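Trainee: Turn these sequences into a full structure, and let the hints steer you where they fit.
Under the UniProt record's numbering, the first residue of the sequence shown carries the number 1, and numbering increases by one thereafter.
Treat the hints as calculated values from the structure; they're not laboratory data. Just to be clear, a hint being listed does not mean it is correct.
Here are the simulated lysine-lysine pairs, BS3-like style, with alpha carbons at most 27 Å apart [stated by the list, open to error]:
no., residue 1, residue 2
1, 221, 245
2, 55, 14
3, 132, 245
4, 132, 221
5, 14, 27
6, 55, 36
7, 55, 27
8, 36, 14
Just so it is clear, the structure is predicted and the values come from calculations on it, not from any experiment.
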Amino acid sequence: MLRIAVLGAGRIGKIHAANVAADRRVKLVAVADPYKEAVEALAADLGCDASLDCKSVVDREDVDAIIVGTPTDTHIDLTLQAVRLGKPVLCEKPIDLDIDRALAAVEEIERLNGRVMLAFNRRFDPDAMRLKQAIDEGEVGDVRQVIITSRDPGLAPREYLRHSGGIFRDMTIHDFDTARWLLGEDPVEVMAMGNRLIDPGLEELPDYDSVMVLLRTGSGKQCHINGSRQAVYGFDQRLEVFGSKGMVLNENHRPSSLRRWTSERTEAREPLLNFFLERHADSYRVELDHFLMALGQNGPMPATPRDGIRALRIANAAIEAANLGCAVRI
Numbered sequence: 001m002l003r004i005a006v007l008g009a010g011r012i013g014k015i016h017a018a019n020v021a022a023d024r025r026v027k028l029v030a031v032a033d034p035y036k037e038a039v040e041a042l043a044a045d046l047g048c049d050a051s052l053d054c055k056s057v058v059d060r061e062d063v064d065a066i067i068v069g070t071p072t073d074t075h076i077d078l079t080l081q082a083v084r085l086g087k088p089v090l091c092e093k094p095i096d097l098d099i100d101r102a103l104a105a106v107e108e109i110e111r112l113n114g115r116v117m118l119a120f121n122r123r124f125d126p127d128a129m130r131l132k133q134a135i136d137e138g139e140v141g142d143v144r145q146v147i148i149t150s151r152d153p154g155l156a157p158r159e160y161l162r163h164s165g166g167i168f169r170d171m172t173i174h175d176f177d178t179a180r181w182l183l184g185e186d187p188v189e190v191m192a193m194g195n196r197l198i199d200p201g202l203e204e205l206p207d208y209d210s211v212m213v214l215l216r217t218g219s220g221k222q223c224h225i226n227g228s229r230q231a232v233y234g235f236d237q238r239l240e241v242f243g244s245k246g247m248v249l250n251e252n253h254r255p256s257s258l259r260r261w262t263s264e265r266t267e268a269r270e271p272l273l274n275f276f277l278e279r280h281a282d283s284y285r286v287e288l289d290h291f292l293m294a295l296g297q298n299g300p301m302p303a304t305p306r307d308g309i310r311a312l313r314i315a316n317a318a319i320e321a322a323n324l325g326c327a328v329r330i
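Mentor: Rendered as structure tokens:
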């Protein structure tokens, strides 16, 4: 039985730890986080060890694999520490906000033949996986256009935004990875615009809260991404793929699929799920499953650190394009 430690007891760490604890194929040995109250409460709830020192947990002989859900600026050190000990890692995105540091880390991981999966969890959303399957099976023919809508229900706390790396590197980077995955090619050019339509005060960071992005691949495939930090009706996430034989799309999730017709309203439905942890609860479980399958079968990781580099390059180009107001080659 694979023995796993989860680093981080925040909202992502809690999700990973709970999924590991619930999986009969593995054992949750420990959770680690410097915030004593959070980590002790999580460990007590899941019946594992608690530690305030992430690095010491990585070193433990009774830990076979690591899940990194700590702040971004700790990802490289903790991941490389585990890789040097021969331990596989599931690391939250991004590897780092700085492309040079991230690239150096990826090259070191590859030199050491490290088994590292980057947690682009939207690849593992069941609806998105079925959509990708339809593409792979030729249902839409040659992919021509991908349209991605990605809107959070509310603006994140200012302190989070201050250290997030900006909307393109923090939020839209998921969409950049999804675009690459669905298009089947890397974009070569990006056009982007960013505005502060929700909170003009974000200029001090500086950051945007509303963005639109156009991507073009070498063969001419197109992708349009629209993102917003605030959608008053809930977590709005939709994918559409248009091709030579037709189109596939997935819709938003709701607590219930029930629809009502009355004299006062037509097709009344439940509101959208209101947080990404609710919307993507399944994808985090499936993500862990694919990590474990890759390890058990000694197969390739389904999302690699190199995928993280490619998504970060697109994010950096989008920032440049938004700031300059012109198309940027990637």
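Trainee: Hint by hint, note whether the structure agrees.
Mentor: Tested hints:
1. 221 / 245: Between residue 221 and residue 245 the Cα gap is close to 15 Å, so the pair holds against 27 Å.
2. 55 / 14: holds (18 Å)
3. 132 / 245: Roughly 15 Å separates the two Cα atoms, so the pair holds.
4. 132 / 221: Roughly 16 Å separates the two Cα atoms, so the pair holds.
5. 14 / 27: With Cα atoms ~15 Å apart, residue 14 and residue 27 stay inside 27 Å; holds.
6. 55 / 36: holds (15 Å)
7. 55 / 27: The given pair, whose Cα atoms are some 19 Å apart, holds under the 27 Å limit.
8. 36 / 14: Measuring from Cα to Cα gives roughly 14 Å; hence the hint holds.
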